Structures are given as structure tokens and as C-alpha cells.
Amino acid sequence: MICFRRPDDSSARRNREINALIRRDEKASKKVYKLLLLGSSESGKSTILKQMRLIYTKEGFSKSEKEKWRIIIFKNLHDGLRMNLVAMQESGIMLQYKSTMEYLPDIMQELDLQLNDMVPMKLIIAFKALWQDPGFQNGIETVKLSVTDNLRFYFNDLERIFNKNFTPTDQDVLRARIRTTGIIETVFDLGSIQYRISDVGGQRSERRKWIHCFENVNALIFLAAINGYDQCLSEDRESNQMQEALMLWESIVNSHWFKKSTLILFLNKIDLFKDKVARSPITKYGFTDFRGNTRDPRHTSKYFVQKFMALNRSPSREVYSHFTNAINTNLLKITMSSVQDMIIQKNLQRLIL
Numbered sequence: 001m002i003c004f005r006r007p008d009d010s011s012a013r014r015n016r017e018i019n020a021l022i023r024r025d026e027k028a029s030k031k032v033y034k035l036l037l038l039g040s041s042e043s044g045k046s047t048i049l050k051q052m053r054l055i056y057t058k059e060g061f062s063k064s065e066k067e068k069w070r071i072i073i074f075k076n077l078h079d080g081l082r083m084n085l086v087a088m089q090e091s092g093i094m095l096q097y098k099s100t101m102e103y104l105p106d107i108m109q110e111l112d113l114q115l116n117d118m119v120p121m122k123l124i125i126a127f128k129a130l131w132q133d134p135g136f137q138n139g140i141e142t143v144k145l146s147v148t149d150n151l152r153f154y155f156n157d158l159e160r161i162f163n164k165n166f167t168p169t170d171q172d173v174l175r176a177r178i179r180t181t182g183i184i185e186t187v188f189d190l191g192s193i194q195y196r197i198s199d200v201g202g203q204r205s206e207r208r209k210w211i212h213c214f215e216n217v218n219a220l221i222f223l224a225a226i227n228g229y230d231q232c233l234s235e236d237r238e239s240n241q242m243q244e245a246l247m248l249w250e251s252i253v254n255s256h257w258f259k260k261s262t263l264i265l266f267l268n269k270i271d272l273f274k275d276k277v278a279r280s281p282i283t284k285y286g287f288t289d290f291r292g293n294t295r296d297p298r299h300t301s302k303y304f305v306q307k308f309m310a311l312n313r314s315p316s317r318e319v320y321s322h323f324t325n326a327i328n329t330n331l332l333k334i335t336m337s338s339v340q341d342m343i344i345q346k347n348l349q350r351l352i353l
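Numbering (the numbering used here), first residue to last: 1 to 353.
Don't read these hints as lab results, they were simulated from the structure. Be a bit skeptical, because a hint or two may be false.
[Said to hold, decoys possible] DSS-like mimics (lysine-lysine), calculated; alpha carbons at most 27 Å apart, straight line: (1) LYS260 / LYS31; (2) LYS75 / LYS144; (3) LYS307 / LYS284; (4) LYS128 / LYS98.
Treat the numbers as computed from the prediction; the structure is a model and nothing was measured.
Sequences and hints are given; from them, build the entire structure.
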């Protein structure tokens, strides 16, 4: 008979302790870079963070997370339609079909969905009728709310989204919107480097709470929606998105809190900007100092970069700018690789000096 000796309990315990020490030392030896993600509301900050999860983590979005995003997508559709209807009413814009107006009481009601719930069929019918009404399509072009960008994406695939077996794709999740309140920190380990990225609320009421909390972070990434030059803020329909972003950027780029931080400017939603600028001239929305072809996306996008750079009152301070499309994973991966290299290089230079 062959006898197998049971491993000594003390040896097994010691092995566990050694492995725990190794993991602790590996964690302690990591170089930690702190990044701050800033920008006005609806600039795409949360989308950038979701993309980083897809790019830098193996798991991406879990099944349970996608189920939560499914409900958020339904609410995005509902809220987006209602916000546009309110804005249209304030602007005196009418729906074209009388039959569509009969659906308005259902659409304007609050939608209380829980996990695994489906949107009621009568509401799905109402959504479709409203979206197909020429008066509504004219209205969303006139009031120019940023929520409409994602409405178009979802309504182009409505049968799939309202199917009882619908599970959001990564692209669905990237386009879903949820308001950031407070500070959300996301941690990524890339080899020997750990990135701690803080995303803070973009609404005006949130900003005053955070600016002093991040003195001299390694890098600050500021997002502005370049396509927002003709759009208003959802929180203030009298304010232009681009003007708001420029005002916030001026306070950030010249703040003493970030004088040692690497500053990176992302002019986001460049894909939407290129589609829009030919039919919506930037000079029509207050940017009358532009000289050149208003239909040329290359010249007009360069103009906005220069507008941001001109607000930097310190000639010796470098600012790195990128045009980004936060929903394009491959393009953003290339951009973030460039950003990582630059952050590491800048921090090495500081150590040498």
C-alpha cells in the first residue's frame, strides 16, 4: 500500500503568508500616477472612463452590470424624449400629427423600471410615433440638446433594444448616460504602473466642491465636446456648451492648484463635429472671429484648439491637445497610449530636475 503524506499545516500556512507578502511588495513597488478627469457636463468624461475599463481590464462589463445599464438605456430614451418635448414647448414648436399628441400623457409620465422589467408596449408604440413625427424631428434640430446624439443611435436600432432578450453591447453601454455626482475613482494596473483616475461631477453645482482636492495631480485631462458649439447645456438652456467649456478651462489652466500637473486637452466628439459643421456654421453661434471656410472641419477644429490655447496665461506652460471620439475604442486606445508615454516622460523630467 502506498501512503501519501498530508502536507504540514504550518508549511501551507507559511506558503500563504509568503505569497501574501510577495503580492503586497509588488503592490507597494508600483509607481502610482494620479489623473484627474475634468470637463463640463455632457463632455464625455464618463464615456472615457468606461472605455478605459474595456481597454485596460480583461473583464469589461459583467452580465449583472449590463442588466443595470439596460434599465439606464431605457430611461435615457424616455428622459431624452421628454427633455426635447419640454424644450420644444418652451420654443413654441408643435408636433405635426394630431395622433402623436394623444401619446404625450403616457410619454410625460415618470417611468419606474426595476431590474428585469420591460418597457410597457403602449410606451414603445408612443416612442416610435413621436420619433417618426416630422414636427418632433424639426424640433430636435431646432432646440439642439446634446441628449439627442444618443437618441439617434438607439432609435436606429429600436427593435433590438426593445426585444425581451435585449442585452446591451459594449457600444450600447458606452453611449448610455448617467450623471456623475461627487468623485468616482477608477484604478488600473498597467505593468509596474498604477493609474488612479478621478472623475468628478461636471454640473456647475458640483465644481466648487472639488477643485482644491486635487492639488498637483500628475496629470489633468480636460474634456470639451467640440460638437457643442451650437448646443445648450441641459442644466441651463441659455448657456452655450462650448462657451461654458472655455470658461471652465480658463479657470483650470490658470489655477495655482494645478501648476505642477501635466495638462491634456481632449476635444471630444470630433466625429459628430465633422458631420455637423458643414450644415451648422460656427459663426452662427457666436464664434464670429473665425476666418476661413466655415464648412471645413479641419480649419474649424483647429480654430477651437487655438481658442482654448489662447486662454493659457503662462507662456512657459505646455498643454497637450488631442481630438477624440470617446465611443471609438480603437482610436481612444491609440490616444491613451500616447498620453501614458507623455505622462511618464514628464514625470521623469521632473525627477531629473
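Status of the hints after comparison with the structure:
Distance check on the hinted pair: LYS260 and LYS31 sit about 18 Å apart at the alpha-carbon level, within 27 Å; holds. As the CA atoms of LYS75 and LYS144 are separated by approximately 20 Å, the hinted pair is consistent with the 27 Å bound. Pair hint LYS307 plus LYS284 holds up; C-alpha atoms about 17 Å apart against a cutoff of 27 Å. Distance hint between LYS128 and LYS98 is fulfilled; the C-alpha atoms sit about 15 Å from each other, no more than 27 Å.
Against the hints set out earlier in the document, no violation occurs for any number.
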